Amino acid sequence: MTATTLIHAEASPRRLLKALASQEALLAIAVIGLAIIVGLYNPRFLAMRNLSDVLLGNAYIAVAAVGMSMVIISGNIDISVGSLIGVLATVSGTLAVEGAPIIVTWLAPLVVGILVMAFQGAIIAYLRIPAIVVTLGMLSILKGGLIGVTGGKWITDLPDSFHLANIELFDAVPMPVFLMIVATIFAAWWMRYSAPGRTIYAVGGNAEAARLCGISPPRATVMVFALHGFFAGVAALLYATQLRVIQSTVPPNLELTIITASVVGGVSILGGVGTVIGSTLAAILIAEIASALVFTDVSPYWIRAVQGVLILITVIADILRRRRMARA
Amino acid sequence: MANDQALRETAAPPRLSVYNIEKSFPGVNALTGVSFNVAKGEVHALLGENGAGKSTLIKIVSGVFPPDRGEVIVDGKPVNLARPDDARRAGIATIYQELLLFPELTVAENVFMGHAPRAGLGRLDWRAMREKTRHLLAALEIHDLHADRVVGSLSVGNRQRVEILRALSQDARILIMDEPTAALTEYDVTRLFDIVRKLKARGVAVIYISHRLDEIFAIADRVTVLRDGAHIATKRVADTAAAELVQLMVGRKIESLFPKITLPIGGPVLEVKDLERRPLTKRISLTVRAGEIVGLAGLVGSGRSELAQTIFGVTPAEGGEIKIRGQAVYIRSPAQARTLGIAYVPEDRGTQGLVRPMTVRENFSLAALGKVAFGGFIDRAAERKLASDGVKCFAVKTSSLEQIAGKLSGGNQQKIVLGKWLANKPKLLILDEPTRGIDVGAKAEIHRLMGELAAQGLAILMISSELPEVLGMSDRVLVMREGRIVAEFLREDATQETVGAAMMGSHESAEKVA
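As they're listed, the protein sequences go chains A and B.
Heads up, the first sequence is in the UniProt record's numbering, so the first residue is 1 and it goes up one at a time.
Heads up, the second sequence is in the UniProt record's numbering, so the first residue is 1 and it goes up one at a time.
In case anyone wonders, no lab produced these hints; they're calculated from the structure.
What you are looking at is a predicted structure, and each value in this text was computed from that prediction instead of being measured.
Beta carbons: idealized from backbone N, C-alpha and C, even for Gly.
Just so you know, not all the hints are guaranteed correct.
Now the in silico label distances, taken between C-beta atoms and shown as ranges [said to hold, decoys possible]:
#1 A:Y193 / B:R325: 55 to 63 Å
#2 B:D171 / A:N253: 47 to 55 Å
#3 B:D379 / A:N253: 18 to 26 Å
#4 B:A82 / A:S140: 30 to 38 Å
#5 B:T339 / A:I185: 31 to 39 Å
#6 A:G39 / B:D379: 40 to 48 Å
#7 A:H163 / B:G350: 52 to 60 Å
#8 B:R118 / A:A305: 38 to 46 Å
#9 A:L46 / B:V64: 51 to 59 Å
#10 A:A100 / B:D379: 52 to 60 Å
#11 B:G350 / A:L320: 44 to 52 Å
#12 A:N253 / B:R325: 54 to 62 Å
#13 A:G308 / B:A138: 54 to 62 Å
All chains should be modelled from the sequences, with the hints used to inform the complete structure.
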C-alpha cells in the first residue's frame with residue numbers, strides 16, 4: 001500500500017493550547033501567578049533578596065528531584081536519597097575541615113553518591129528486589145550510620161573557599177542556581193535526545209517489551225541509579241555549602257519533598273512518563289509556596305499540607321488523563 | 001425475519017432484547033441505533049471488526065456504563081442497568097476475555113465470591129459452599145475440577161469453567177462471553193462448546209463474541225454483524241456462509257483471507273539441531289530457509305513460544321546447536337539475537353510488545369535505536385523518517401507520529417509491534433500469534449505483509465493457534481506437542497485433519513491433575 005494514512009498534524013492553535021495544557025506550562029504559570037498574587041498582598045515577597053533566598057535555599061531539592069524523576073520514570077523509586085544527601089554533605093564537609101584540596105571536597109560527594117546509588121541499583125536490578133524495600137533499608141543504614149559516626153555533632157570551621165554559594169557567575173547568578181539550571185537542562189536534553197535516555201522511558205513504560213527489543217532493563221536500572229547518585233552528590237554539595245555549618249541531620253522527610261517535586265512535576269508514579277523540567281519547576285513552586293506562607297502570615301507548618309494537596313491534585317489529574325486515554 | 005416473528009408470537013418474549021441503543025464518547029459515535037435480541041436457549045454471536053462497537057454494546061448490557069438512548073429489555077420488562085450490580089440482578093453475567101478470578105482462593109470460594117452461603121452469625125457456610133459447587137460441577141459434567149483446588153494452579157480452560165460456574169451460581173439467565181476461546185486449546189474449545197450446549201438446554205441465552213468464524217458456525221444459532229457502531233445484519237447461521245459474514249463485517253469483498261504467493265525458496269537461514277531447554281524444549285531440530293514461511297502449529301502449552309524465546313535468547317539454550325546462515329552461534333540475550341538479524345514479535349502485544357505511554361515514533365525506533373542514534377544521541381530526522389516509513393508501509397492508522405501508541409486500536413498496535421523490527425533488516429522473523437485478537441481487515445493486511453517480507457528473502461517462523469492461518473500462510477507446517485516436534489507437512493499435505501490429529505496426538509488427555 002502506498003497511500004499515506006498519516007493524517008496531517010493538527011492546526012497550530014490547537015497545538016498551542018495543547019502545549020499550554022502540559023504540566024510544565026501549568027507549573028510555570030503557577031510559579032509566576034503565585035508570585036504576582038502574593039506580591040500584591042505583600043510587596044516585600046517580590047524583593048530580589050527574598051526570591052534569590054528561595055532559590056538558593058532550595059536549589060539542592062530541585063537538583064535531587066532531577067535524579068529522582070529519572071528513577072521514577074524508569075519505574076523505580078528511591079526513598080534513601082534524603083539520608084544519602086546528609087551523608088554526602090558530611091563527607092564533603094569533613095574533608096574540607098581536614099584540609100583536603102577544595103576540588104576533592106567537591107568531587108567526593110559525586111563519586112560516593114554514584115557508588116552508593118549504583119550499588120542499590122544493582123541489588124534492585126539483579127536480585128530483583130523491589131526498589132522501595134532496598135532503598136528503605138539503605139535509608140536506615142545511612143541515617144543510623146551518620147548519627148553513629150558523627151555522634152550528632154555539627155561540622156563547623158569550614159574554609160571560605162568551600163562555599164559555592166559565594167561564587168557568582170557574571171556577578172549575578174549564584175553558583176547553586178546556575179548548577180540547578182544546568183543540571184535540569186542537561187538532564188532534560190539527555191532524556192529527550194540520547195539513546196540511553198530513551199531506554200529509561202522504554203523500561204519504565206514496559207520493561208518486558210523493552211527487553212524483547214534487545215534493551216537490558218537491569219543495565220538501564222543500574223545506569224539510572226548511578227545518574228541519580230550523581231545528582232544526589234551535586235545536591236549534597238549545594239546543601240553542604242549553603243550554610244556556615246553542616247548539621248548531621250537533613251531536613252525531616254527530605255526524600256518525600258524530593259519525590260513530591262517529581263510527582264507534582266508530572267512524572268507518573270507508574271513509570272514511563274514525565275520530564276525533569278517539570279520536577280524542577282515543581283521544586284521551585286513548592287519552595288515559593290513555603291515562602292509565600294511566611295509573607296502572608298500563615299504558619300509555615302502548613303507547607304506539608306499544601307504539598308499534600310498538590311500531590312493529590314497532580315495524581316488525580318494524571319489518572320483522569322489516563323482514563324480518558326484508555327477510553328479513546 | 002420469519003424466525004423473529006415466530007419467536008415474538010409464541011407468547012414468550014425474547015430473553016433479552018436491546019432496542020435502538022445509541023452511545024457516543026467524545027468525538028466518536030460508538031453505537032448508532034443498534035437492536036437485536038436473544039431468545040431463551042439461543043446462542044447469538046456478535047461479529048465485527050475491532051472498533052465495530054461490540055465491546056461498547058456488551059458493556060452497556062453488563063451495566064458498565066449506561067446508553068445515551070435506547071432500551072434493554074429482559075423477559076419483556078425494561079431494565080435500568082446503571083451499574084454492573086443491576087445487570088447481575090437482572091440475571092445477566094459476563095465472562096470477559098481476561099478472566100476475573102482470585103488466584104489464591106479455591107474454586108468454591110471463587111464461585112461464591114460475594115454471595116457465599118451463610119451459616120448462623122454471618123459465618124461462611126463452607127460445607128454448603130463446597131456442596132453447591134460440586135452440584136454445579138456435576139450439572140455441567142465437569143469431572144476433572146475439584147472444588148478445593150486453588151484457582152491459580154488451574155489451566156486457562158478450567159479457570160474459564162470456574163467463571164461459568166460463578167455465573168450459574170448467580171442464576172444467570174443471560175450469559176455474555178467475550179472471545180472465550182482466544183486463549184484456549186482446541187481440546188478446551190470442544191469442552192467449552194459442550195458446556196455451552198448444556199447451558200442452552202437449561203434455557204440460558206448466550207451472547208457469544210468471537211473473531212473465529214468456524215466457531216460461530218459450530219455453536220451459534222444466529223449471528224449479528226456490527227460495523228462502525230451500526231447494526232448491519234442479523235442472520236440465521238444455517239442461512240449464511242463465512243464469505244458472506246466477512247463481507248458484511250468489512251463491507252467489502254475479500255477474495256481470500258490468506259493470499260499466498262508461492263516463491264522460490266533460498267538457502268537455510270536458521271538451522272536448529274537438538275536444541276534443549278527444559279521443560280518445554282526437547283531435542284528440537286528444524287530449518288527455516290530464505291523466502292520460506294514455516295508454520296509452527298500446536299496446542300497452547302505445547303512449547304512453541306518457549307522454543308521461540310530460546311532461539312531469541314530470552315531463555316538461552318542448555319544444549320544443542322543453532323546456526324544462522326551456516327554460522328554456529330550461541331545466543332545468550334535478545335540484544336545478541338537482534339545483532340544476528342533475528343526479530344521476534346511476541347505473543348502478547350500488550351505486555352510484551354508495545355510501550356503504551358510512548359509515541360508511535362518512539363515505538364517504531366525502539367528496536368532500532370542503534371540505527372538512528374549516532375554517538376549515543378538520537379537523530380530526530382532519521383528517527384522520524386524511520387517511523388513514517390513504517391507507518392506508510394504498514395498502513396498504520398494514526399493521527400500523527402506523536403500519537404501515544406496505547407491509544408491506537410489493537411490491529412494498529414500490532415502493526416507497530418511488527419513494523420518496529422523491520423527497520424533492523426532482519427534475516428529471520430519469528431512471529432508468535434501475529435493476528436490474535438485483531439480484526440479481519442488488519443489481519444489480511446498483516447498476512448499480505450508477511451507475503452511481501454518472504455518475497456524479499458526473509459525467513460519467517462510463524463507460531464499460530466489458528467489452523468486456517470497456519471494452513472493458509474505456510475510453505476511447511478511443523479507440529480509441536482509436549483515440547484517436541486512431532487510432525488512435519490509440506491504445504492500440499494497439510495490439512496485440518498492431518499495437522500489437527502498431529503497436534504492432539506493419539507490420546508486426547510484431559511488436563512493432568514497435579
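| task | Go through the numbered hints given earlier and state which of them the structure violates, listing their numbers in rising order. | result | 1, 3, 4, 10, 11
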